[in-house]
Amino acid sequence: MLTAFAIWLRATPLSLAIASHDWVIPAVQSVHIVMIAALIGSILVINLRLLNLIEKGQAITTLMDHYLPVVAISILVLALTGAVLIIGEPTRALFRITFWIKMALVLAAAILTWGLSRFSRTPAALGGDASTAMALKGGAVLALLLWTAIIFAGRWIGYTEGWPGAPQ
Amino acid sequence: MDLNDLAERLKATPLSQAISGSDTLFPLLECVHVLAVVTVVGAIAIVDLRLLGLRARGRHIQELLHQFVPVTLAAFVVGFMAGALMFIAKPDTYLANGFFLAKMLLLALAGANAIAFHLIFNRALARVGPGVAAPLPARLSGLFSLTAWIAIIACGRWIGFTT
Chain A
185 MLTAFAIWLR ATPLSLAIAS HDWVIPAVQS VHIVMIAALI GSILVINLRL
235 LNLIEKGQAI TTLMDHYLPV VAISILVLAL TGAVLIIGEP TRALFRITFW
285 IKMALVLAAA ILTWGLSRFS RTPAALGGDA STAMALKGGA VLALLLWTAI
335 IFAGRWIGYT EGWPGAPQ
Chain B
9 MDLNDLAERL KATPLSQAIS GSDTLFPLLE CVHVLAVVTV VGAIAIVDLR
59 LLGLRARGRH IQELLHQFVP VTLAAFVVGF MAGALMFIAK PDTYLANGFF
109 LAKMLLLALA GANAIAFHLI FNRALARVGP GVAAPLPARL SGLFSLTAWI
159 AIIACGRWIG FTT
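Sequence order for the protein chains is A and B.
Heads up, the final residue of the first sequence is numbered 352 in the working numbering, and it's a clean run with no missing numbers.
Heads up, the final residue of the second sequence is numbered 171 in the working numbering, and it's a clean run with no missing numbers.
Mixed in with the good hints, there may be bad ones.
Stated by the list, open to error - Footprint (simulated), chain B over chain A, 3 or more residues, beta carbon under 8 Å:
# : segment
1 : 216 to 223
2 : 235 to 241
3 : 332 to 339
Hint data in this document are derived by calculation from the structure and do not stem from the laboratory.
Since this is a predicted model, take the numbers as computed values, not measurements.
Using N, Cα and C, we set each Cβ at its ideal position, and we do this for glycine too.
Bound-form chain A, shown alone (with noise of 0.2 Å):
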C-alpha cells in the first residue's frame, strides 16, 4: 500500500515539479535544518533551566510561555518541509527504516516535551518540592538525548538503505 502511494505520489504534478528543479530539495533541507535550529534553540533553554545549568534568574514557566510556542511553530514547519522532501521523492524516506524511528522519537519527545510543561506548572513543581523537581530534571536529560537522537536518525536517513521491496 504504502508503495502504491509512493508511485501515485510521484507521478503527481507537484511531485515532477520539485524532482525538474535541482535546487528545490536542498533549498527545502536548508530550511528544514534552520527550523531545527529554531527548534533545538528553544528546546535546549527550557531542558537547560530544568537541569538548573542556565538561565538560573528565570521562572521555568515564563520561559516555558516563551519558548514552547516556537517549538510548536518549529516542528509544524519541519512537517511541512519534511512533506515537500518527501512529496520531491517518494521512494527516498518512506522505505528506509531510519525516517519511521525518527518520526516515532519526534513523537515522543514532542509528548514528553508537552508533559514536562504541564508537570512543571504543578502546585508541587511551582512549590519547589524536591522529588518533583528530580523527576523534571530527569524528564529534561531524556528529553535532551531524544532530540539529540533524532538529529542522528535525521542524517543517517541519507545513508540507509531501502528495506526490501521498496520501489526504485
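Go by the hints and put chain B onto chain A.
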C-alpha cells in the same frame, strides 16, 4: 606549499584514511556537526532576535549574552572539530567545492562581526536593559549575524549536492 599540496599531504595521513575508509565515521561526524551547528545558530538567534527587538524585549541584552555566549562557543568548538575531521577525510573534494569556500568566507565574516560586536558595543550594551532598544549599529550587527548563519547552513547543505 599551495593548498593542493596540503590536500594531498592531508589525504596521506592515517587519520584521513581512517575516516574516509570507514562506512560509519564520516556520517557520525556529520551528525555531530549538524547537532553543533543547530545549537550554535539556535543560541545565536536568541541574542540576535533580542538585538533586533523581535523577541525577549523584556530582557537585558547583557544577561542574554552572559547566558548564551558560553553555549555558542562550546557548540562552535565541537562543530569546528567535527568539520575539521570531515575536511581531513576528503580535503581535495572540499577545496574544489564553491559552496565550501563560500561557507568558510561567511564563517570568517560572522566571526569578525561577533568579535567587532563585543569590542565595539561592550559598554553601550550595559544600557540595553529590559524594554530598551539596542542602538542601530548593534541591531545591524545582529541582522548580519543572523543572515550570515542562515547562509552558512544553506552553503553547508549545498556542499553535499555538488561534486
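Structure-based check of each hint:
no. : hint       : in the structure
1   : 216 to 223 : holds (count 6)
2   : 235 to 241 : holds (count 3)
3   : 332 to 339 : holds (count 5)
Of the numbered hints listed earlier, not one is contradicted by the structure.
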